[in-house]
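Asks: Chain residues, written in single-letter form:
There are 2 protein chains.
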Amino acid sequence: MNEFDLIKRYFHRDHHGPSVIVGNGDDGAVFQTPDGRQTVVSVDALVAGRHVPSLCPPEGFAARLLGRGLSDLAAMGADPRYFLLSLTLPNFDAAWVDQFSEKLHQLAVQWGVDLIGGDTSKGPLAAHVTVIGEIDAGRALGRSGALAGDQLWLVGRDLGGARAYLEVLEDRADEHAAWAERYWRPEPLLDAGRALVGCAHAVIDISDGLCQDLDHLLSAAAAPLRISLDSATLPLAPGLMDQFDEHQALEFALTGGDDYCLLAAIPVGVAAPHGAVCLGQFEAADDTLILLDDQPLPEDWVLGWDHSR
Amino acid sequence: MNEFDLIKRYFHRDHHGPSVIVGNGDDGAVFQTPDGRQTVVSVDALVAGRHVPSLCPPEGFAARLLGRGLSDLAAMGADPRYFLLSLTLPNFDAAWVDQFSEKLHQLAVQWGVDLIGGDTSKGPLAAHVTVIGEIDAGRALGRSGALAGDQLWLVGRDLGGARAYLEVLEDRADEHAAWAERYWRPEPLLDAGRALVGCAHAVIDISDGLCQDLDHLLSAAAAPLRISLDSATLPLAPGLMDQFDEHQALEFALTGGDDYCLLAAIPVGVAAPHGAVCLGQFEAADDTLILLDDQPLPEDWVLGWDHSR
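So the protein sequences, as listed, match chains W and G. Note that the working numbering numbers the first sequence so that position 90 is 90, with each residue one more than the last. Quick note: to get the working numbering, add 1000 to the position in the second sequence (first position is 1).
Any given hint could be a false lead.
Only pairs whose alpha carbons sit at most 20 Å apart, straight line, appear in this in silico SDA-like list of lysine to any residue [stated by the list, open to error]:
| hint | chain 1 | residue 1 | chain 2 | residue 2 |
| --- | --- | --- | --- | --- |
| 1 | W | Lys122 | G | Ala1048 |
| 2 | W | Lys122 | G | Leu1055 |
| 3 | W | Lys122 | G | Leu1089 |
| 4 | G | Lys1008 | W | Lys122 |
FYI, nobody ran anything at the bench for these hints, they're computed from the structure.
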């Protein structure tokens, strides 16, 4: 099956929203952004053997790819609209591509995005997704903007489950369905992101680990900030404390990537989204600093889960 | 060097056009499209060992990556505005990344695009570029729309040079600077693409080989069309007829990919862009058909240069 047959069979869909002027199948796609709105765009790579295990289930690969991409739009407060897919496959495995594309199309409908373009070629298993959203002009959430006095809120289910899944992947994965789900089926917090527009000073999604992404948020602020996290307030993934000692469980929660929760800096007195947990309060400081229970963090925690390691 | 240091050092640029509301370095980039304009977007992969030789020069890799991506915008008649880069590197080679990023930024300035986002991770050498342009609402050129009676025009320098370069790559590449330039330094025909807006019925760029891309143009037409190409009119890359026999030279010109010329269906009497060459005239037919000098093409020529082979 050549590239064009593959695209036509598995990736073309004729139903597009009315804002899509030219869809999949031309040199480029064309879309119309309504007056008063701005376009938000982000790109993410998912490389087998690096971001996910080499032998990875097609449905999980699709769900992590798109969920992860859309999490970036959630962190901007944007309404998701479209995506483009650049896929490299080592060989043509019809069953794999069929399950991958079916899951991708199913989630695209669920999350409200149209696949409007892409590229496929032979190569090591990897997918690169470009996600495109829309937001009212001037309303996009950014990483910068956190102020001393703001509270740090965690929006999303819980922490450390995706990282814990990698730990048990080799032999006990079946016993840990919740962790597997966190890893293979991240839910982009699109509604929560929209709810943060006009209420949060700064937002980031946790893709590389809470400490590392919090460090990005702190580093992007106009003036140096410090914060002390209270370990007792951290919502841990189910079973984390049963299966690992406390230090390990906290390390997974604070440094394990792929949680796709949102971190938001919100002024005191402004309501955070329903279910959000307050992790602490930013204070003015001489240097950017994250403490845990008023103690310095282990040195490498702020490095998070570096995908290039 | 971790992912964030690498991005900051080699890929961040602070100067953005005024339409960029949020640039590189946040969860997503935000841009503003003027009223009355539409957005054009396309994604392309460049995989070492597949689209380009495994050992490829960083400047050539950058030039082919961006030139190829922008050629899609040229084929739509769009004004290029932004691009995003998702890059996987097998290891961190400072000299390679430095030369790659320098060439990329230099060409971005030359071609008028801002790098507004991206992703980097460890993996086999590959780059995926998302290019974003703008065009007046409803004016984008498409592949469909060719009509019986339209003339087929070739816009661009010449054909077959990039394919010929691959043939001599192993031992005589130095003698063939023109072919090397066609291969490593494709020029996106942005001005020509804009000139075709409102004048061409259909346009496509030649990335997979003239016959294959012409076949896409014919297949996208509302009614079946045939065309006979006149081999004497084909502008061949310099030296092609000297180094190869006529059949081979024509095969390279008609099936070799990566020429990035444009094919345009233009009504008789409408002026084609300066320097364009008329290759023939579309006729109504029972089935889509391409002839060469009124003879059927060799069977595999229409398959072109399949990157997934």
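Asks: A separate judgement is required for each hint: does it hold in the structure or not?
Replies: Now for the hints, and whether the structure bears them out:
1. W:Lys122 x G:Ala1048: Holds: lysine 122 of chain W and alanine 1048 of chain G sit about 11 Å apart, inside 20 Å.
2. W:Lys122 x G:Leu1055: OK: lysine 122 of chain W and leucine 1055 of chain G at ~17 Å, within 20 Å.
3. W:Lys122 x G:Leu1089: 17 Å, holds
4. G:Lys1008 x W:Lys122: 30 Å, violated
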